[in-house]
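If you read the sequence shown in the working numbering, its first letter stands for residue 1, the second for the next number, and so on.
It is worth saying that the hints were derived from the structure and are not from the lab.
No farther apart than 30 Å at their CA atoms in a straight line, the calculated lysine-lysine pairs in the DSS-like style are these:
| # | residue 1 | residue 2 |
| --- | --- | --- |
| 1 | 263 | 245 |
| 2 | 146 | 280 |
| 3 | 280 | 225 |
| 4 | 170 | 183 |
| 5 | 56 | 166 |
| 6 | 280 | 194 |
| 7 | 56 | 44 |
| 8 | 146 | 135 |
| 9 | 98 | 166 |
| 10 | 44 | 166 |
| 11 | 166 | 178 |
| 12 | 277 | 311 |
| 13 | 170 | 185 |
| 14 | 183 | 166 |
| 15 | 280 | 185 |
| 16 | 81 | 170 |
| 17 | 183 | 280 |
| 18 | 100 | 135 |
| 19 | 183 | 311 |
| 20 | 128 | 44 |
| 21 | 100 | 61 |
| 22 | 105 | 61 |
| 23 | 185 | 166 |
| 24 | 81 | 146 |
| 25 | 56 | 100 |
| 26 | 96 | 128 |
| 27 | 146 | 98 |
| 28 | 146 | 61 |
| 29 | 311 | 225 |
| 30 | 170 | 96 |
| 31 | 265 | 277 |
| 32 | 185 | 225 |
| 33 | 194 | 146 |
Predicted model, so just to flag it, every value in this text is computed and none were measured.
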Amino acid sequence: MKRYCKIVALFLSLCLLLTIVVGCQANKPEPAKVEEKVEKFPLKLMDDLGRLVEIKEKPEKIISLAPSNTEILFALGLGDKVVGVTEFCDYPEEAKSKEKAGGFKEPNLEKLVELRPDVIFATGMHQKSLPDIEKLNLAVFVIDSKSINDVILDIETVGKITGSEKAAEKVVAEMQEKIDMVKEKLAILADVEKPLVYYEIWNDPIQTVGPGTFIYGIIELAGGKNIVEGAAEEYPLLSLETLIKRDPAVIIAGVGSMGDPGKVKERKGWENISAVKNEKVYVIDENLVVRPGPRIADGLVEIARILHPEKF
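Kindly generate the complete structure, drawing on both the sequences and the hints.
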């Protein structure tokens, strides 16, 4: 009998314990659901001219009025939504087949009306055209990047406007990885190791890049010194005498300016410049360093490799 009582008591104890455990589990709060951030439309965002622009709904039809904007849109996977570009939008290859919405500075207003985009991405040089475009009741967002950091921020903004935040994060992360790689490799670069650089915009007259331009900032970030450091103009003109006196160690130019680097030696008076004597004359795709889009990070890497090949 005693043994039977012990078994019953043990059974009742287990039942009580199970009831307590189940009760605790029932009262335990459920983990919070993690919701993916989704931008809600309409959106109101400030563009690079300080204009508050309203985007009423997620854009399905987009027009780009600059090659750099076109490159951003295609990098975000929005090529199928781009219905119009400029005559100069040549990258990627698919951009060439899009409807032409005008030249670089002057959009074709009739074409804008015909295409009826949900949003137009313009640049700072379109300020004069903005009132005419706005009269057409079209949303215009101005992108006017002045630095690599601005480009990154503008790509993120385009991602918000188009509902492509995830794609923008990926593009920016890839750019930042390249930028950080350059910074890391040049982190302990001594001032005397930074070569004097002449970047040629045009050869007759001799024209280079000054403070405030993308290329100037890229040269500095890539571990170089510009021969017109501290210049007042963005694109100063130089005399041959001044260029020879400053004696750049490296000469870089876009394809349109120089063409064949070997022909620089044929320019009268240039043969004694250090960059020419030491065969440190390079031609690059200028679109990598003048278009404020995703490929600006590639331009930085290329310039850094030219200036410091031993580190890359």
